[in-house]
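A.B. asks: Chain residues, written in single-letter form:
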Amino acid sequence: DQQVKQNSPSLSVQEGRISILNCDYTNSMFDYFLWYKKYPAEGPTFLISISSIKDKNEDGRFTVFLNKSAKHLSLHIVPSQPGDSAVYFCAAFSFGGFNAGGTSYGKLTFGQGTILTVHP
Amino acid sequence: EAGVAQSPRYKIIEKRQSVAFWCNPISGHATLYWYQQILGQGPKLLIQFQNNGVVDDSQLPKDRFSAERLKGVDSTLKIQPAKLEDSAVYLCASSLVWSWRRGGTGELFFGEGSRLTVL
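Chains as they are written, first to last, in this note's numbering: chain A, 1 to 120; chain B, 1 to 119.
The set of hints was computed from the structure by calculation and includes no laboratory data. Mixed in with the good hints, there may be bad ones.
In silico DSBU-like cross-links for lysine-lysine, where the CA-CA straight-line distance does not exceed 30 Å [to be verified]:
id	chain 1	residue 1	chain 2	residue 2
1	B	K62	A	K71
2	A	K107	A	K68
3	A	K107	B	K44
4	B	K71	A	K68
5	A	K5	B	K44
6	B	K44	A	K56
7	B	K62	A	K54
8	A	K54	B	K44
9	A	K54	A	K68
10	A	K5	B	K71
11	A	K68	B	K44
12	A	K107	B	K83
13	A	K37	A	K56
14	A	K107	B	K78
15	A	K5	B	K62
Where chain B lies over chain A, by a calculated footprint (3+ residues, C-beta under 8 Å) [stated by the list, open to error]:
id	segment
16	38-51
17	93-101
18	107-113
Label-pair distances were calculated between CB atoms; the ranges are [as the list claims (entries may be wrong)]:
id	chain 1	residue 1	chain 2	residue 2	range
19	A	S51	B	G40	27 to 37 Å
20	B	T76	A	P120	35 to 45 Å
21	A	G101	B	K78	23 to 33 Å
22	A	V78	B	S66	40 to 50 Å
Glycine residues also receive a C-beta, built at the ideal position from the N, C-alpha and C atoms.
Work out the full structure, taking the sequences as your base and the hints as a guide.
C.D. replies: Next comes the structure, spelled out in structure tokens:
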């Protein structure tokens, strides 16, 4: 059951142009959506997030858009730089449940990732 | 501030052998996660600890995988016996405790991962 899907395995963009990475989800109970970036031989690092009650969040060159009715989000990178070349993972955060002690916990579900290549 | 530490970075074993991975989370992070990332796929949660208790191990193949988090800090993930399909990067991550009342984005901090090759 793939609740978070990134249907484009790869994307190639020229330096200076816009990169648009897409993500679809099926669970309407997700509270936050996050984008992580991963370089080879490194762990994923957090890039930007958006609350489910917002439709846009911007941080420098990175903007995430959320369309709740379509259950779709996208990450825009403008302008794209060669250093942006990496794997980008979409992730969705939701309430996971209660542990044995009655404390609530959250759960993060990842998409398959999209390889972004920015050519000089 | 020190990040999430993992070891070993690389491990090559033959099928049916055993292997163990170690993780030291960021100081103060009560929640610890082990993810499996197979080449070309996204990270898949194997087990999630809150302090030293397990809150989610629904996708952990319990016949061969085990994990523990002693004293609510370091954690080890063991595979015994290993299969060819266990070849993957094993990622450890940590985060502050998320509570329904406080909310938050649930941002996780990942280590560099341990790459396992099973021959």
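A.B. asks: Hint compliance check: list the failing hint numbers for this structure, sorted ascending.
C.D. replies: 1, 4, 7 and 10
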